[in-house]
Amino acid sequence: MIREQLVGTWRLKSCELRRSDGKSAYPYGTKPVGQLMYDAAGNMSVQVMKPDRPKFSVNDKFEGSAEEVKSAFDGFECYFGRYEVGEDKKTVTHHIEGSLLPNWEGKPQERFFEFSGDRLSLASPPTRYAGATITSFLIWERKT
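Quick note on numbering that gives the first Met the number 0: the sequence shown kicks off at 0 and runs consecutively.
Hints may be right or wrong, so weigh each one.
Unchecked claim - Taking lysine-lysine and the DSS-like style, the derived pairs with C-alpha atoms no more than 27 Å apart in a straight line are: (1) Lys54 with Lys30; (2) Lys60 with Lys49; (3) Lys22 with Lys69; (4) Lys69 with Lys106; (5) Lys54 with Lys12; (6) Lys49 with Lys12; (7) Lys106 with Lys88.
Because the hints were derived from the structure by calculation, they are not lab data.
Generate coordinates for the entire structure from the input sequences, incorporating the hints supplied.
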């Protein structure tokens, strides 16, 4: 069963956003850092970030400048919730309970999946992002 193949911890290998005009973007850089977790009870969480985000000038997240906060926010994505697998459509739907982007809370996020050895590819349906229509492609490798 596919659900059992998803269960575990995955390390991010790449994150590419492809625009409808064919151009690609790498919002987390060419060597992003991330972790995706699915458990057998149906819970999931994901974190993706730029590895070289600038440090705050002070060691207090509530004392960062507007520019520091924006840079930290723009270079990071995370959410958690529950998931369900659509084996017939090869989809996994993330039912988001909490997210860095509050607009995603309570909204399902569908991803198309494919397995290749110890790698998991996830692709989003076309969506709006930074003023353009994009499809995201993330490749994950199973952590051992």
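To see whether the hints hold, each was checked on the structure:
1. Lys54 with Lys30: holds (18 Å)
2. Lys60 with Lys49: At roughly 17 Å apart (the allowed maximum being 27 Å), lysine 49 and lysine 60 satisfy the hint.
3. Lys22 with Lys69: holds (25 Å)
4. Lys69 with Lys106: holds (24 Å)
5. Lys54 with Lys12: holds (23 Å)
6. Lys49 with Lys12: Holds, because 12 Å separates the two Cα atoms, which is no more than 27 Å.
7. Lys106 with Lys88: holds (19 Å)
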